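Taken in sequence, the protein lines are chains A and B.
All the letters of the first sequence, read from the start, carry residue numbers 8 to 271 under the working numbering.
All the letters of the second sequence, read from the start, carry residue numbers 8 to 271 under the working numbering.
It should be emphasised that the hints constitute simulated quantities derived from the structure, not laboratory data.
From a predicted model like this one, the values you see are computed outputs, not experimental measurements.
Any given hint could be a false lead.
Here are some of the chain A residues that sit facing chain B, going by a computed Cβ distance under 10 Å [stated by the list, open to error]:
{"hint": "1", "residue": "F54"}
{"hint": "2", "residue": "E71"}
{"hint": "3", "residue": "L82"}
{"hint": "4", "residue": "A162"}
{"hint": "5", "residue": "S189"}
{"hint": "6", "residue": "V270"}
FRET-style restraints, in silico, Cβ to Cβ [said to hold, decoys possible]:
{"hint": "7", "chain 1": "A", "residue 1": "G35", "chain 2": "B", "residue 2": "T16", "range": "48 to 54 Å"}
{"hint": "8", "chain 1": "B", "residue 1": "D203", "chain 2": "A", "residue 2": "E107", "range": "52 to 58 Å"}
{"hint": "9", "chain 1": "A", "residue 1": "P85", "chain 2": "B", "residue 2": "N156", "range": "18 to 24 Å"}
{"hint": "10", "chain 1": "B", "residue 1": "G163", "chain 2": "A", "residue 2": "S248", "range": "18 to 24 Å"}
{"hint": "11", "chain 1": "A", "residue 1": "V12", "chain 2": "B", "residue 2": "A137", "range": "47 to 53 Å"}
{"hint": "12", "chain 1": "B", "residue 1": "N156", "chain 2": "A", "residue 2": "E74", "range": "20 to 26 Å"}
Ideal Cβ positions, reconstructed from N, Cα and C, are used throughout, including at glycine.
Take a look at the letters that make up each chain.
2 protein chains.
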Amino acid sequence: MSTLVLPETAREVRELIRSDQWRGVTSGVAPGYVQANLAILPRDLAFDFLLFCQRNPKPCPLLEVIEPGLTEPQLTAPGADIRTDIPAYRIYELGQLVEEVDSLIPYWRDDLVSFLLGCSFSFESAMVEAGIPMRHQDKGCNVSMYITNIPTTPAGVFSGPMVVSMRPIKREQIVRAVQVTSRFPATHGAPIHIGDPEAIGIADLDLPDFGDRVEVLPGEEPIFWACGVTPQAVALSCKPSLMFGHGPGKMFITDHRDVDYAVI
Amino acid sequence: MSTLVLPETAREVRELIRSDQWRGVTSGVAPGYVQANLAILPRDLAFDFLLFCQRNPKPCPLLEVIEPGLTEPQLTAPGADIRTDIPAYRIYELGQLVEEVDSLIPYWRDDLVSFLLGCSFSFESAMVEAGIPMRHQDKGCNVSMYITNIPTTPAGVFSGPMVVSMRPIKREQIVRAVQVTSRFPATHGAPIHIGDPEAIGIADLDLPDFGDRVEVLPGEEPIFWACGVTPQAVALSCKPSLMFGHGPGKMFITDHRDVDYAVI
Chain A
8 MSTLVLPETA REVRELIRSD QWRGVTSGVA PGYVQANLAI LPRDLAFDFL LFCQRNPKPC
68 PLLEVIEPGL TEPQLTAPGA DIRTDIPAYR IYELGQLVEE VDSLIPYWRD DLVSFLLGCS
128 FSFESAMVEA GIPMRHQDKG CNVSMYITNI PTTPAGVFSG PMVVSMRPIK REQIVRAVQV
188 TSRFPATHGA PIHIGDPEAI GIADLDLPDF GDRVEVLPGE EPIFWACGVT PQAVALSCKP
248 SLMFGHGPGK MFITDHRDVD YAVI
Chain B
8 MSTLVLPETA REVRELIRSD QWRGVTSGVA PGYVQANLAI LPRDLAFDFL LFCQRNPKPC
68 PLLEVIEPGL TEPQLTAPGA DIRTDIPAYR IYELGQLVEE VDSLIPYWRD DLVSFLLGCS
128 FSFESAMVEA GIPMRHQDKG CNVSMYITNI PTTPAGVFSG PMVVSMRPIK REQIVRAVQV
188 TSRFPATHGA PIHIGDPEAI GIADLDLPDF GDRVEVLPGE EPIFWACGVT PQAVALSCKP
248 SLMFGHGPGK MFITDHRDVD YAVI
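Required output: the full structure, derived from the provided sequences and hints.
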């Protein structure tokens with residue numbers, strides 16, 4: 008399977024995943040298509056979680072919510088099946104990871120509500136196109152992520168600190184980075200914070216809470232964006248009886264294009 | 008009370024309303040503060056309605072959702088009371104208007120969820136500041152509103168056509184009107200349609216479904232924006248056992264400023 012040349016459209020990639028012909032990470036796959044984080048929760052938590060996302064749109068930019076028991080993302084990927092079209096799923100019980108699986112079909116229940124949330128791949132592509140390099144991409148590693156002292160706005164049972172991702176940006180490109188990412192509010196949007204990590208409760212940039220260490224060079228500032236790990240971390244912290252998520256780096260690829268989400 | 012000079016801050020105006028010293032329409036009151044449409048529904052409809060708003064952000068731009076039974080808009084107007092701080096409320100049973108009242112306190116229940124939705128006053132101010140006149144304001148009448156053939160995206164029990172408001176704009180100012188309103192997605196944002204009313208199912212501009220007739224002069228085009236009447240019309244069409252709304256033209260005045268909602 009290592010010689011498999013991946014197709015260019017989201018639909019074709021999803022078909023390969025569904026038919027078990029490909030199970031890789033989705034970064035760089037089907038370029039130009041919006042990818043999504045997944046969180047699936049029982050119906051009794053769905054109103055609170057939807058409200059949490061509504062109150063915290065920067066870390067939790069909702070692309071689509073699939074109604075209880077339904078499995079087709081009719082708005083962002085008609086014909087897809089949320090239970091089979093992601094390369095890997097994680098199953099959490101009472102907030103603990105219990106299993107990673109290829110398909111959610113054996114675990115599906117009629118009371119489950121699926122949330123698809125924008126991920127940062129879209130705005131990273133826009134920054135690269137604008138000539139702003141992404142060091143973690145160039146190094147082939149994951150972005151650095153940190154738990155901050157910035158509280159999210161609670162909703163029902165859900166509350167907790169915001170998780171941010173950090174990208175080192177040359178000082179002369181910071182304004183452009185703000186402009187470029189401001190165009191994409193559905194995929195985290197403008198930065199949450201520029202510079203001084205301690206101001207948002209990050210004691211040591213070299214010790215990310217998630218992802219990999221990414222160096223900040225002289226002439227650069229660390230720039231922080233709200234991160235899609237936030238809703239997952241917040242959801243797990245309230246120890247739901249059951250929650251499904253995507254495997255790390257393995258996102259749901261929608262039929263929507265990055266450009267569809269540019270506000271201007 | 009006709010000589011009452013209204014105070015300039017939202018908080019002070021709300022206090023006058025709460026203490027029954029003023030009960031007028033809120034257009035032009037507390038300039039610069041964001042005003043909101045109100046819809047209050049029982050909890051069993053709240054998830055579907057929240058999802059309907061999430062799926063239809065242009066007609067249903069959520070500013071705040073107050074959790075079941077709670078009455079303080081903590082995010083947009085801390086200290087306010089959603090039951091008393093609007094000049095008039097309408098009570099609907101099974102989709103029919105049954106009463107207009109000054110206070111919801113006698114009618115309050117612990118299962119009620121309050122939705123505050125952005126209204127067009129914010130972007131109208133921005134257009135006037137940009138030199139784009141609003142004819143309905145100049146004539147002292149209400150904006151023209153029409154039921155279109157544009158379907159909203161259904162959610163649960165809620166579905167129905169989009170309602171739009173129409174403003175005549177000089178051809179040379181249409182681009183500027185698009186730009187100015189695009190900055191305010193939380194208050195309906197960019198137009199839904201420019202020109203030809205028949206293309207969106209409006210047979211006769213002179214016969215609005217709601218509001219007043221507003222003339223389109225030679226050299227102007229009718230420009231259409233998604234309207235906050237949409238969620239109210241959609242909610243009532245499914246005949247909820249109980250729904251509360253605001254009296255016509257009598258909005259909830261938040262502490263947030265118009266400029267806080269400009270995306271760039």
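Hint by hint, here is what the structure shows:
1. Annotation: interface hint on F54 of chain A holds; nearest CB of chain B at approximately 4 Å, less than 10 Å.
2. The closest approach between the C-beta of E71 of chain A and any C-beta of chain B is roughly 8 Å, which is under the 10 Å cut-off, so the hint is satisfied.
3. Because the closest C-beta pair between L82 of chain A and chain B is about 7 Å apart, less than 10 Å, the hint holds.
4. Interface restraint check for A162 of chain A: the shortest CB-CB distance to chain B comes to about 7 Å, inside 10 Å, so the restraint holds.
5. Because the beta carbon of S189 of chain A sits about 6 Å from the nearest beta carbon in chain B, less than 10 Å, this interface hint is met.
6. For V270 of chain A, the interface hint holds, since its Cβ comes within 10 Å of a Cβ in chain B; the closest pair sits about 6 Å apart.
7. Remark: the range hint 48 to 54 Å for G35 of chain A to T16 of chain B is upheld by a beta-carbon distance near 52 Å.
8. For the pair D203 of chain B and E107 of chain A, the beta carbons lie near 54 Å from each other, so the given range of 52 to 58 Å is met.
9. Take P85 of chain A and N156 of chain B: their Cβ atoms lie about 22 Å apart, and the range 18 to 24 Å holds.
10. Distance hint check: the CB atoms of G163 of chain B and S248 of chain A are about 23 Å apart, consistent with the given range 18 to 24 Å.
11. Evaluation of the 47 to 53 Å hint for V12 of chain A and A137 of chain B yields a pass: the beta carbon distance comes to about 51 Å.
12. As the Cβ distance of N156 of chain B to E74 of chain A is approximately 25 Å, the hint placing it in 20 to 26 Å holds.
Of the numbered hints listed earlier, not one is contradicted by the structure.
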